[in-house]
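Protein chains: 2
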Amino acid sequence: MPIKLKTSDAGFEERFAAFLTTKREVSQEVDDTVREIIADVRRRGDEAVIELTRKFDRFDLDSSELRVTSEEIAQAYEKADPATVEALRLARERIEAHHRRQVPEDKRYSDKIGAELGWRWTAISAVGLYVPGGMASYPSSVLMNAVPARVAGVERIAMVVPTPDGALNPLVLVAADIAGVDEIYRIGGAQAVAALAYGTDTIAPVDKIVGPGNAYVAAAKRQVFGKVGIDMIAGPSEVLVVADANNNPDWIAADLLAQAEHDQAAQSILITDDEDFGASVEEAVDRQLSQLSREEIARPSWKDFGATILVNTIEEALPLIDRIAPEHLELALDDDAGEALLQRIQHAGAVFLGRHTPEVIGDYVGGSNHVLPTARSARFSSGLSVHDFVKRMSILKLGPDQLRELGPAAIAIAESEGLDGHARSVSIRLNL
Amino acid sequence: MPIKLKTSDAGFEERFAAFLTTKREVSQEVDDTVREIIADVRRRGDEAVIELTRKFDRFDLDSSELRVTSEEIAQAYEKADPATVEALRLARERIEAHHRRQVPEDKRYSDKIGAELGWRWTAISAVGLYVPGGMASYPSSVLMNAVPARVAGVERIAMVVPTPDGALNPLVLVAADIAGVDEIYRIGGAQAVAALAYGTDTIAPVDKIVGPGNAYVAAAKRQVFGKVGIDMIAGPSEVLVVADANNNPDWIAADLLAQAEHDQAAQSILITDDEDFGASVEEAVDRQLSQLSREEIARPSWKDFGATILVNTIEEALPLIDRIAPEHLELALDDDAGEALLQRIQHAGAVFLGRHTPEVIGDYVGGSNHVLPTARSARFSSGLSVHDFVKRMSILKLGPDQLRELGPAAIAIAESEGLDGHARSVSIRLNL
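Taken in order, these protein sequences are the chains called A and B.
All residue numbers for the first sequence refer to our numbering, where the first residue is 1 and numbers rise by one.
All residue numbers for the second sequence refer to our numbering, where the first residue is 1001 and numbers rise by one.
Read the hints as simulated data drawn from the structure, not as lab findings.
Virtual Cβ for every residue (Gly too), placed ideally from N, Cα, C.
Treat the hints with caution; some may be incorrect.
Listed next, the stretches of chain B that the computed footprint assigns to chain A, with coverage defined by at least 3 CB atoms under 8 angstroms from CB atoms of chain A [unchecked claim]:
no., stretch
1, 1136 to 1144
2, 1225 to 1232
3, 1363 to 1370
Short, incomplete list of chain A residues facing chain B, as computed with Cβ under 10 angstroms [claimed, not checked]:
no., residue
4, Met232
5, Val360
6, Arg379
7, His387
Using the sequences plus the hints, can you model the full thing?
Spelled out as structure tokens, the structure:
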């Protein structure tokens, strides 16, 4: 049964602290295997990638078949349901419109001594996008990763997606095409990450790798970090729903289960100030569970990691929200109450306001990004955005007057650090 | 001797490509040692930290002595040269003024269907700052890491600095105090990173760890990434100076050596369109080398990794700059030529414009940050800024009308992904 906590209970603090540290994923020690795979791909390139694909994906190909062809993409459109293709186009349009507002602005200014400072943003040239195969091969994730890169001005987006036993979700190809992905390779695992980071004869290296994957992919991203940039390491995801009694318990139950059906390690948490309402939601969850096609995933998620927390007032939810630092936060409250809470929250990935904003809308067609910091990492990171695909070049320009004004302080610090050469690079210009 | 390349030579492309991949650091395989240290600190906390400090820093302390006291900070001011303290204060003031302009703005807007979107930026609550001990224990780096965190609104900044044999640079304490660091612990290495990430009885855990360190520190940061955020992994640094013949060769030589004196693995590169000028700079480098107190560092750096590249026109420098993606780029050119080049550069950490902006000013008192992407990582990352200490919460709010408009597309995608529970969370609100 999901855990039940009440802030009014004597042992609350202890139980809540324990709840926060619950491990939801068994960490796999795959570092050594991954290190060997990366070294092998660096050494033998395509040949290693092909061998490893045969081994792990039970799928035979040669170098010329690594890349998905435009014919295959055209065929994928034919296999796809037209209404879904239209829905993906709407999603792309809305994601693009929202992310365009994130493009950061360049800046130049003169300060009070006349020194010029500023910065210029430029796009990363080439980005690799990892898309998982099998059950978690989501077309929506392709859009969420590729569209912001395109908006940022990335010139080349290379996607990799494993095709276990040769099977490839046609909607993933359609989504890649709609998002403007330039190249698609039917490979996955640590070997795909290594190929993107170091390049092979067939695959040119990229500058940054984004996208979720299993433990091997995560370990590979960690190991190639530095050679290329990477996005966050995705953990099991979660939703926290803060709901008062003026909600339909069935709606809230559906939101909790939408999270739970992702993964047995997913977590759904309800915070409410009404004990009866909480009980109604739990009953609704039980009722709806048996109607889900993914019941065998959602049920253990809810049973093992689900929680309801009863608070005396919604106000009391605030510190709990920040400590949970949820990936997704629904505030199913009246407008005023939701907005007031929103302004005071410190740590959350994405906030869904009001009773008509199920988190699922944000997964697909809201326009905001569904790649969000999981497992409490909203404490230190943000959801994916245009910012992840641009970088800032800082600019400094002095004239002789400003150099004279600032020079002596620079020399003093340089000398205190034992860096004579630094001091000289300034003093030589000041005839000191 | 430093390498000499000419774009007009037949073998240029091949030699330049080889130059770009020159390894400047031997990568140390320290992962297993670091993994054990982190596990030990997680298990035994303070006790492990104290033992490891005794072992690696030859320094004995108990839990109550881990933290530097306010008396010690007061004493540090007494030991410090007042002019240097003033210079550090000027530096802090200028760094703060510049970084205030980086604070990002919140946003809320309604789109064409009336959906509300936006985001809110909030600060990371607690940040750990790693400061190396010994020769590379720079007060300027303390300012460059701590001031942006303070400007971002970080509530708690905890600094760690190893004190080999008990020795601690008083200016590091002064800089920490000037920057507003809240806590200072005299520990270093992987054990300090582990203590910051997981906490001990004495040291509360932080949410993100920044600052440079040796191979052990870098490996530890890589391993704790995910549990906490980390900044970039710093590699050996470099300067690229693009200079025409209208420069004083002594000035340019001094700039090249200011970089070379950092580290034997540092790299100084000159690109010029005038062969005689290039030769004059090289002669000036040789002359100045013997006058440097850190000659034994600067000479091998220049000899092993230095380079001059002769181009036919400054225009030709552009693609070379982007491929080098230098940490520091000096454009010692006329204003017009420098500005024109700047607007077209894609990859560089920081650009210093004109003949009176030696890179060293940016190290200390320019106001911009000196923590910059090294070793070609400017292809995918930026210098340290306020952005590294804030994160973005995304906001979405629909009313019934917007949910009706977007709902069917969300349901279509959810069903195509086999996520019935997602579809239901929308359809249940639409009475579908």
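Hints, one by one, checked against the model:
For the stretch 1136 to 1144 of chain B, the proposed coverage by chain A is satisfied: 3 residues have a C-beta within less than 8 angstroms of a C-beta in that chain, meeting the threshold of three. Counting residues of the stretch 1225 to 1232 of chain B whose C-beta lies closer than 8 angstroms to any C-beta of chain A gives 5; at least three are required, and the coverage claim holds. A count of 7 residues in the stretch 1363 to 1370 of chain B with a Cβ less than 8 angstroms from any Cβ of chain A is obtained; the coverage claim is therefore met, three being the minimum. For Met232 of chain A, the shortest C-beta to C-beta distance to chain B is roughly 8 angstroms, which falls under 10 angstroms, so the interface hint holds.
For Val360 of chain A, the suggested interface contact is upheld, since its CB lies about 5 angstroms from the closest CB of chain B, less than 10 angstroms. For Arg379 of chain A, the interface hint holds, the least distance from its beta-carbon to any beta-carbon of chain B being 4 angstroms, beneath 10 angstroms. Annotation: interface hint on His387 of chain A holds; nearest CB of chain B at approximately 7 angstroms, less than 10 angstroms.
The structure meets every hint from the earlier list without exception.
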